[in-house]
Each structure stands twice: as structure tokens, then as C-alpha cells.
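**Q** Got chain W sorted already, so can you dock chain F onto it with the hints?
Taken in order, these protein sequences are the chains called W and F. Quick note: the first sequence uses the numbering used here, first residue 1, plus one each step. Quick note: the second sequence uses the numbering used here, first residue 1, plus one each step.
Keep in mind the hints are simulated off the structure, nothing from the lab. One should not assume that every hint holds.
Here are a few chain F residues that sit away from chain W, every Cβ distance over 12 Å (derived from the structure) [what the hints assert, rightly or not]: (1) N36; (2) P64; (3) S142; (4) D145; (5) Q148; (6) K158; (7) R163; (8) A169.
Each computed DMTMM-like pair below joins lysine to aspartate or glutamate, with the alpha-carbon atoms no more than 20 Å apart [as the list claims (entries may be wrong)]: (9) W:K11 <-> F:E108; (10) F:K166 <-> F:D119; (11) W:K14 <-> F:E117; (12) W:K14 <-> F:E137; (13) W:K8 <-> F:E140; (14) F:K170 <-> F:E113; (15) W:K14 <-> F:E111; (16) F:K88 <-> F:E45; (17) W:K11 <-> F:D50; (18) W:K2 <-> F:E167; (19) F:K165 <-> F:E150; (20) F:K58 <-> W:E35; (21) W:K2 <-> F:E174; (22) W:K11 <-> F:E111; (23) W:K11 <-> F:E13; (24) W:K11 <-> F:D119; (25) F:K173 <-> F:E123; (26) W:K11 <-> F:E117; (27) W:K38 <-> F:E13; (28) W:K11 <-> F:E139; (29) W:K14 <-> F:E123; (30) W:K11 <-> F:D116; (31) W:K8 <-> F:E150; (32) F:K58 <-> W:E37; (33) W:K8 <-> F:E123; (34) F:K165 <-> W:E12; (35) F:K173 <-> W:D44; (36) W:K40 <-> F:E13; (37) F:K80 <-> F:E13; (38) W:K8 <-> F:E174; (39) W:K38 <-> W:E26; (40) W:K11 <-> F:E140.
No residue lacks a Cβ here, since even glycine has one placed at the ideal position from N, Cα and C.
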Amino acid sequence: MKSEEIYKAWKERKSQIDIRENFADELMNQIYQYESEKRKPLFDGHRLIELISAHRFVKAGVVTAGAVTGLVRVMFVVYAFLAC
Amino acid sequence: MTQETQVIRQVLEGDIESFRLIVERYERPIARMIRNIINNRESCEDIAQDVFFTAYRKLASFDPVRGNFSTWLFTIARNKSINALRKKRPLSMSELPQNSDRHNPSDELAEREFFDELDAGLEALPSAQKRAFVLAEFEELSYEDIAQIEGVRIGTVKSRINRAKKELAKTLKEIRYEK
Chain W
1 MKSEEIYKAW KERKSQIDIR ENFADELMNQ IYQYESEKRK PLFDGHRLIE
51 LISAHRFVKA GVVTAGAVTG LVRVMFVVYA FLAC
Chain F
1 MTQETQVIRQ VLEGDIESFR LIVERYERPI ARMIRNIINN RESCEDIAQD
51 VFFTAYRKLA SFDPVRGNFS TWLFTIARNK SINALRKKRP LSMSELPQNS
101 DRHNPSDELA EREFFDELDA GLEALPSAQK RAFVLAEFEE LSYEDIAQIE
151 GVRIGTVKSR INRAKKELAK TLKEIRYEK
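Chain W extracted, bound-state conformation (with noise of 0.2 Å):
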């Protein structure tokens, strides 16, 4: 065999690939993916609530929570008026 015949030989098998047949799809479906987490909202507050109203524990702990914040708040406005 002569060394261009040898050449060209491999250069020609250098260039052909095969790829799988999904390729494509694969790749389409990632890039859909992505846009559908793009979309997303940070906050979602649908979620936020469902979340909320599953769990028992949770809603008496956002209860809680709301209590405690009320009574902070009307702490302050009682001191606030005793100070003046």
C-alpha cells in the first residue's frame, strides 16, 4: 500500500462518525427542560400555601409564628406609649 493510498485511507475513516439515533431528541428534551425551570417563578405562592395546609405541624407552627409576631408588635406599641 502506498503511503498517500494509506492516507487517504485513514483520513477517510477519520471522517466518517456515527452518532446515536436519539441525538436530537435528547437534546431537544434538555433544552425544554430548561426552559420550563427558566419559567418557573422564585416564589411561588400557591405552592407556598398548599405546602402550608398539608402539614399540620407547619400551619401550627405559621400560626405560632403569626402569634408571637402580633404579640412582639403590640409590645412595642405599649412601650412606645409608656415612654411618652
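**A** Leaving out everything else, chain F in the frame of chain W:
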């Protein structure tokens, strides 16, 4: 406006499915270029997918005035290949391709042996020379496009390709002498 630029515009306007046309047009050249640079058949498709995904995410930054789309895409592929080569672990002795019997008279085996030698010659080239050679010989890109992809002058590209060809010619000569 070229057909490709029109497709890109459609994608940017929200027609995601149009990007499939770009993928189907370039999947083979991009995967082939990566395979020939990193010399790994298995991971070249994964890296090629990463190239297209990056291209999709950065599509808005493509400027047709600065160059054509294929050059832009090949530049992303070039950068990903360099990163892959940096991460690539060296092959252990057991993973290295076994040389066939040098004295086997079979033509097919001899041809395969020639190819293995040339593959090894290509693999041994300095990275920049190998990339320029692969883009010129297997992807048949112009020197101007290669210069743009590599971010160097055309003269540098020519000299890299010439040096790569000389090295491979030397390999070919050695094969001839050994036979």
C-alpha cells in the same frame, strides 16, 4: 438574510423546536471534530450535546456580523474539547490499544496497524497543531475560519497545519520503513 440566520431568529423569538434544525445539521461535524480532538468515541457525543446546549443558552450573543454561525459553534466545540482534554485522565497500561502482530501478512490487519500508527501520531501532536489539523483536514474548514475559531492569525494556522502534516508524514515514512 441566510436560512440559518432566519432559523436562529425564530429560536430567539421563542420557537424552540426550530433549534432542532440546527442540531440535525451540525450534530455530525461537531461530534466528529470533538472525537478527533479528544480521541474518545464514548464521551464525544456527551460533549457535543453540551456544545449545543451552551449554544442554545448563548444564542442571543451570536453576532452574524462578526462571523458565520458554524464558526461560532465550532469555537464552542473547540473550548469544550480543550476542557475535556484537561480533565481527561491518562490511560492505564491495560486500557491502551494493543498493537496487532506486526508480522501478520493480512492486508486488513496491516491497514489497521497503519491507522493505529497514524492515530497515535495525531494523538502525539501538540494540542493546537492537532486542532488546526483536524479542522482543516477532516472538517475541511478554510484557514480563515480556523484562525477565527482559534483566535490566531492565518499565518499561525498555516504553520500549525504544515507542522502537523510534516509530523504525520514522518509517521507514515516510519511505517513504510518498518514494513
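**Q** Checked against the structure, which of the hints given earlier come out wrong?
**A** 1, 8, 17, 23, 31, 35, 37
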